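Take the given structure of chain A and dock chains B and C to it, following the hints.
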Amino acid sequence: CGFQLRGVNDIAFKNLYLQGQNVSIARDLKRSLLSNGVALVPTPEQADLMLEILSESAEKRILSLSGTGRVREFELNYQVNFRIKDPSNELWGMPQTISGRRDFTFDDSQLLAKQGEEARLNDDMRADAVRELMHVLSVQRPKPRTKPPVE
Amino acid sequence: EKADRDQPINLEADSVQVNEAKKISTYSGNVILTQGTLMIRGDKLVVREDKEGFQHSTSTGNPTTFRQKRDGSNEYMEGSALRIEYDGRMDKVQLFNKAWVKRGEDVVHGDYISYDASSEYAEVIGGGSQAAGNTGAGGGRVKAVIQPKKKTTDSSAPTAAP
Amino acid sequence: ASDAADETARPRVTEASTANAIAAGGALIEADRMEFRMDRRLDAIGNAAIITDKQQISGDRIQYEELNETLRVIGNARIEGGGSVIKGPDLRLNMGDTVGEMKQPIFFYQPAAPAAASALPQTATSNAIRSNSRPLRNRLTKSAYDDSNKGYQPQLRTNTTAASRGDADAMFFEGQNKKRLTNARYTTCEAGVDDWYIRASEMEIDDFNKTGTARNARVEFLGVPILYAPKIDFSFQNLRKTGLLAPLIGTTTRSGFEVLTPFYWNIAPGMDATFGTRLLSKRGLQYQGEFRYMGETYQGGNNIEYLPSDTSTGDNRYYAKLQHQQDFLNGWSAGYSLEKVSDDNYFSELSTRITTTSRVNLAQQASLNYADDVWDFNLLVQRYQTLGQRTFPYERLPQLTLNGTKDWEVGDRYVNTNLYTQWVSFNRSESQPNFLATPNGNLLTGVTGRRFTAYPSVSIPFTRPYGYITPKFGAHHTSYQLDNTDFTLNGVNGEYQSGTRTLPIFSLDSGLYYERNTRIVKNSYTQTLEPRLYYVYIPNRDQSAIPIFDTALADLNTSSLFQENQFTGNDRINNANQLTMAVTTRMLDARTGDQRFAATLGQRFNFTEQRVGLPGANLRRGDSSDIVAAVTAKLLSKWNVDAAWQYNTYDAELVRSNIGMRYNPEPGKVMNLSYRYTADLLDQINVSGQWPLSPRWYGLGRYNYSLEEHSPIEGLAGLEYDAGCWQARTVLQRVSTATADANYAFFFQLELGGLASIGASPMRYLERGIPGYTRSGEIQSSVTP
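Residue numbers (my numbering), protein chains in the order written: chain A, 1 to 151; chain B, 1001 to 1162; chain C, 2001 to 2785.
Okay, chain A solo, but in the shape it has when bound:
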């Protein structure tokens, strides 16, 4: 039905300039870039592609209540907004958003355990976000820069 194994490793650039690094996924993203053979360069001029993480937001909301008003389910949301710039054109791309959602049942009598579960789900959601962000990067086809990179 038309599916074939994914072909060559399709990250089409070698040097990335990452801006906006005080976000929770920065460490995992750097590790993932490294293991996909992408080097982080200190200045935009040396970069084949620029990624700016604009903002991130995490939220925990009550999803369901019991008849007596007790929390039965919590919902976790995570969202990271970023944009990409191809060095050959002046403008940054449109901001893109990756969002994740998890929910888990809650019981006040197992508070500490549920805190552990929440932490695990938050980590899992961020790992997903890094995977999606890596995929977005793999789709980019940066054109070689018009000006030779400043040595």
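Everything labelled a hint here was simulated from the structure, so no lab data went into it. Careful, some of the hints might be misleading.
Capping the alpha-carbon separation at 27 Å, the derived lysine-lysine pairs in DSSO-like fashion look like this [said to hold, decoys possible]:
(1) C:Lys2340 with A:Lys85
(2) C:Lys2634 with A:Lys60
(3) C:Lys2231 with C:Lys2340
(4) C:Lys2472 with C:Lys2522
(5) A:Lys14 with A:Lys60
(6) B:Lys1092 with B:Lys1051
(7) A:Lys143 with C:Lys2522
(8) B:Lys1044 with B:Lys1069
(9) C:Lys2522 with A:Lys14
(10) A:Lys143 with A:Lys60
(11) C:Lys2669 with A:Lys60
(12) C:Lys2282 with C:Lys2210
(13) B:Lys1023 with B:Lys1092
(14) B:Lys1044 with B:Lys1098
(15) C:Lys2638 with A:Lys60
(16) C:Lys2282 with C:Lys2054
(17) A:Lys85 with A:Lys30
(18) C:Lys2406 with A:Lys30
(19) B:Lys1022 with B:Lys1051
(20) B:Lys1044 with B:Lys1022
(21) B:Lys1051 with B:Lys1098
(22) C:Lys2634 with C:Lys2522
(23) C:Lys2178 with C:Lys2103
(24) A:Lys143 with A:Lys85
(25) A:Lys85 with C:Lys2522
(26) A:Lys60 with C:Lys2340
(27) A:Lys14 with A:Lys30
(28) A:Lys30 with C:Lys2103
(29) C:Lys2522 with C:Lys2638
(30) B:Lys1022 with B:Lys1069
Note that this is a predicted model, so its numbers are computed, not measured.
Just chains B and C now, with coordinates in the frame of chain A:
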């Protein structure tokens, strides 16, 4: 300056025609009239002497300019227009079309400017209302630029040479 | 042509020379006709104008006395500058010290449009502090969930783009940016719409701070005076302004009619406080105070509520929350969050916010953290105040967690090593025995103790573009030193034993990536098919002598399906010889890479019996786990879908079935439908939405019905009217609370151009109750072309 009126008039020009009967003399070509601190330049200058012996001059040029020191201050008045009429008896200068007058740093720009040196009263018309002469540039508006008022402290200080 | 031009450059009135004259503080005067009396008076006649860098003054005639710098404008006087336009019959003004007067002024103020509002969707963090103006920006990422009783939320907020206008008998210019108006009116309604006014005998306007103060002011709404205040402060441009705020009015069945009159004190740029007295008809006068501060590397918030001698219960009731976070910038950070309430029913009787009435455990904790590229360290000291419960969470006095992850380059491959270590001392006060209801009877114990855990592991990923295989080897070691170790489980006595537990853990994760390009309608997508196999082997160890401090069985979902240990916490390590098979398909936008659709189907096959369980819990029967499926979609048609199912193959029954859909085509139009079922836990439907009923009216609603308990859990119905420069919303809400019967609450809120809002603020409920809700005042401005 008032003292100018008693000063001799000195005139230079490429050529001059004098009509003794009507007491009119017409100077043309690089005309420069100086009388004390007053100096008028232009392409053509017509001087007429009235019965009481006062000189009335009309200079034209592209532009014709005048310059005169003001009474009791080391500030100069300058002006320029396509035609300048000077009434010796009233000590009044009238500038027509694309006229501007500069006093110290302030400059005013209009289609018709009249300046009465004795009463130090000036009037500027933008040509919007009763335009004297044809409508000047600037769509009939009078524009005056007033420089920031120097703080009194520093204006008394001797101004350094420009 | 004559070359009579003399040497001195003829000063032409060019734009350039005029511009820098004005910039230097000079002025350009224009008119049809001008008369000068040298050094005495200038008379500009015929739509005259005087333009300086600060402002432009124009009128039929302008007379300017240069000696004393006074300006008189006769006829159609108009001052324009700094975003404001003031018009009147005439004007007298001293240009030097900006002192003057204008009779019968009319003024308009249009704040400069703020920098283009970033187009990023704003999701407010659940516990963002919303004050009456720009929230203190919260730079430190919030880790722990600490939604708590927000206390009072001042609601005086100016819509930054709202223009404002007004008139007065006279306007007195009193200095550079100071104006005083007598008998003034002020509104943010556009010209011609006179729906509401602040009318004041005297009004001072400060152009520099963009604020105003109205004395013995009356707010007139549709001609009816609705609020009198000796002094009202307002700000033109959403800046925090000290002063009396509009009171909040509401009623609840539990506390009766309530009026809260707040005072906001803008102490300093990074610091503010709000004090309020809240009169509750059934309880008396409650004092509320909130003090917040924020700096480059720290921020904190403190809320205090005190109700002396509650007329219904007779005792003093209080609530306190003290919170601080500090970032030392060198990787270290620290913080504390202390919360305490006077009695168990405090929230349900004195608050109507679900986020507070549902709270049972109030954390009292302090933490110290360190993070760098490899190490994560956390020192936590934590205990809880538990309201109305028989189960009390263990106190962790302290807990130290150290986690290190490092990738090593070995040849052309990466090897990942991870070390997780934790030492924690679990305590409990005698008055709080640990009572745990288990499926087969109750567990009662007073056990406390110290636990050390070390779990080093190595994983070696073999990755190719088309797939990966990642073996992982680890050893999980835990040791316990326990005190008062006896327990009774379902009437049977037993005893926990100190000791150690060491288990080898082996897992093998592998997956393949298949892709193909497809087109749907006119968009091209990459569809992926990702089969994944995940094997885990953990030998069995009898752990019945190990107490439960922080462990429970995690929900089975697509995340936990790929976890080694189905138990959270460290007290139970499940025995495992299992293979998880799953397949995920995704639809990814070919151009932008955005994920539009993802679906996962997975099942775990167990080759051994489950022998490790929680005390009194039923062990899994049969060899196969439940089938788990999940779908998430963000369709271009503005539909978002999130669904998850869990089917138990052994009992052939559906254990969990959650379907949630949201349709949000544009701000102000949102529908949420969801059905949530978890076996013997909840079975609910939930409908909520905000929809425009007509160009000005919006309907709001939420209905949360429990099929299991055959009763509504939460109901909310509301109407919102947006008249452009004012909005009114009314909400009726039924809330069932933890410690008492249902609490009905009615809210009415009138928001005048975002300037002053009167009435209890249902905002908090609406944003929680109706996900995607947008205040009607913000709908126009956010529907940008």
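Hints and how they fare:
no.	hint	verdict
1	C:Lys2340 with A:Lys85	violated (49 Å)
2	C:Lys2634 with A:Lys60	holds (20 Å)
3	C:Lys2231 with C:Lys2340	violated (36 Å)
4	C:Lys2472 with C:Lys2522	violated (44 Å)
5	A:Lys14 with A:Lys60	violated (37 Å)
6	B:Lys1092 with B:Lys1051	holds (18 Å)
7	A:Lys143 with C:Lys2522	holds (25 Å)
8	B:Lys1044 with B:Lys1069	holds (23 Å)
9	C:Lys2522 with A:Lys14	violated (32 Å)
10	A:Lys143 with A:Lys60	violated (41 Å)
11	C:Lys2669 with A:Lys60	holds (23 Å)
12	C:Lys2282 with C:Lys2210	violated (41 Å)
13	B:Lys1023 with B:Lys1092	holds (20 Å)
14	B:Lys1044 with B:Lys1098	holds (17 Å)
15	C:Lys2638 with A:Lys60	holds (23 Å)
16	C:Lys2282 with C:Lys2054	violated (56 Å)
17	A:Lys85 with A:Lys30	holds (18 Å)
18	C:Lys2406 with A:Lys30	holds (12 Å)
19	B:Lys1022 with B:Lys1051	holds (10 Å)
20	B:Lys1044 with B:Lys1022	holds (18 Å)
21	B:Lys1051 with B:Lys1098	violated (32 Å)
22	C:Lys2634 with C:Lys2522	holds (17 Å)
23	C:Lys2178 with C:Lys2103	holds (16 Å)
24	A:Lys143 with A:Lys85	holds (11 Å)
25	A:Lys85 with C:Lys2522	holds (26 Å)
26	A:Lys60 with C:Lys2340	holds (22 Å)
27	A:Lys14 with A:Lys30	holds (13 Å)
28	A:Lys30 with C:Lys2103	violated (66 Å)
29	C:Lys2522 with C:Lys2638	holds (16 Å)
30	B:Lys1022 with B:Lys1069	violated (31 Å)
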